[in-house]
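Visitor: Sequence:
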Amino acid sequence: MPATRRTSRRAESRQPLQTRPTTEASGIIYISSDDESTAPKKPAVPRRHIKDRSKQRTRATAPPSGEILEISSGDERPSPVPPVSVASLQRLLKDANEEIERLKQQLQHHAQTPPPPPPAPAPVTASPPSESQGREIQRLKHALTRSQRAEEKSKALLSALDDHVSCEICTCKMWVPYTLCCGHTFCETCLQDWFSTILAQHMNAHPDYDPRPRALRAYLDALRNPGIPAQTRQQIEQAIAAYRARHPAPQYTCPTCRLIIKDRPAEVFALKHVVHSVSAAQGEQPPKRLPQKAALLGNGPWDGFFPGF
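Residue numbers (the working numbering): 1 to 309.
Warning: the hint list may mix true and false statements.
Straight-line alpha carbon distances no greater than 27 Å define the calculated DSS-like cross-link-like pairs of lysine-lysine that follow [to be verified]:
# : residue 1 : residue 2
1 : 141       : 153
2 : 272       : 155
3 : 262       : 272
Each pair of labels, with its calculated beta carbon distance range [said to hold, decoys possible]:
#  : residue 1 : residue 2 : range
4  : 280       : 193       : 24 to 32 Å
5  : 280       : 300       : 28 to 36 Å
6  : 168       : 146       : 32 to 40 Å
7  : 171       : 206       : 29 to 37 Å
8  : 253       : 159       : 36 to 44 Å
9  : 138       : 162       : 32 to 40 Å
10 : 205       : 149       : 53 to 61 Å
11 : 231       : 208       : 16 to 24 Å
Just so you know, the hints here were simulated from the structure itself, not pulled from any lab data. Treat the numbers as computed from the prediction; the structure is a model and nothing was measured. Backbone N, C-alpha and C define an ideal beta-carbon position, used for all residues, glycine too.
When you get a sec, could you build the whole thing from the sequences and use the hints?
Guide: Below is the structure:
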């Protein structure tokens, strides 16, 4: 509100009254600037003019008796607030929504991020060992080194033995090893399969082949008689040779050197024990003994390939 100043009527007797032109409806309200000394002085209004206008004063609202209200133009009113546009409000709302979305994303990221691992415990600093403890530690280190070297040697030895006791055909341990006349050794199953393949090929080439003919059995039984005359023995041997010439036998060979095998393979019991010892050191159990394949004419594993005459 503009500053007001009220003065008493007693001051009018001391100073001359300064007035400005007003309308007839105005009362005795005076408007002056802050610095009254700069405004030009005008002659005072005679009292008779005041009496003539008493009727007009009653129409206007007069200030309280004995006081004069002055309004100074130096007091300025506060400037009005400029109106805010809709576009600026929308922009502020958009910025606020973006900030809320950014904070939501940060909160979600922190919720999904696993907590950092706990810090590693501080290393425990042990006191230096005494002289006796140091000697004991050195002794244990030497013992551990010797044990590791012995273990490495044992592993190398077992690996070398494993290569020697393994079959060249199936590369498995020879649980039942058999040696041929050439000196090569194989497991029983692999040799039977090898000889069976050769026999099948021979029988396809000679369909009339008989591994154990009856005529040869009679000749063999006669030769076993120790009292047979020498001339008769010679005749029987010639008959057997003539039969074999007409009915040739299969030519079994060694799987490694391809030497012709005329005798039955022999089982190697010493090597069999070595195989079982190596497997026990490696923690391997021998397989269960499978039933032997039925021979063609006999109960032995090689009767079907080598009839015995």
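Visitor: Would you mind marking each hint as holding or not holding in the structure?
Guide: Results of checking the hints against the structure:
1. At roughly 18 Å between alpha-carbon atoms, residue 141 and residue 153 fall within 27 Å of each other, so this suggested pair holds.
2. In summary, the hint linking residue 272 to residue 155 is supported, as the alpha carbons are separated by about 20 Å, within the 27 Å threshold.
3. Note on residue 262 and residue 272: the hinted pairing holds, with a Cα-Cα distance of about 24 Å set against a maximum of 27 Å.
4. Our hint of 24 to 32 Å for residue 280 and residue 193 holds, since their Cβ atoms are close to 27 Å apart.
5. Under the hint 28 to 36 Å, the C-beta atoms of residue 280 and residue 300, about 29 Å apart, fit the expected range.
6. Range check, residue 168 to residue 146: about 37 Å between beta-carbon atoms, so the 32 to 40 Å window is met.
7. Separation of residue 171 from residue 206 is about 34 Å and conforms to the stated range, judged on CB atoms against 29 to 37 Å.
8. The hinted range of 36 to 44 Å is not satisfied by residue 253 and residue 159, whose Cβ atoms lie roughly 31 Å apart.
9. Range check, residue 138 to residue 162: Cβ separation about 36 Å, and the 32 to 40 Å hint holds.
10. Separated by about 59 Å at the C-beta atoms, residue 205 and residue 149 satisfy the suggested range of 53 to 61 Å.
11. The hinted window of 16 to 24 Å between residue 231 and residue 208 is violated, with their beta carbons roughly 31 Å apart.
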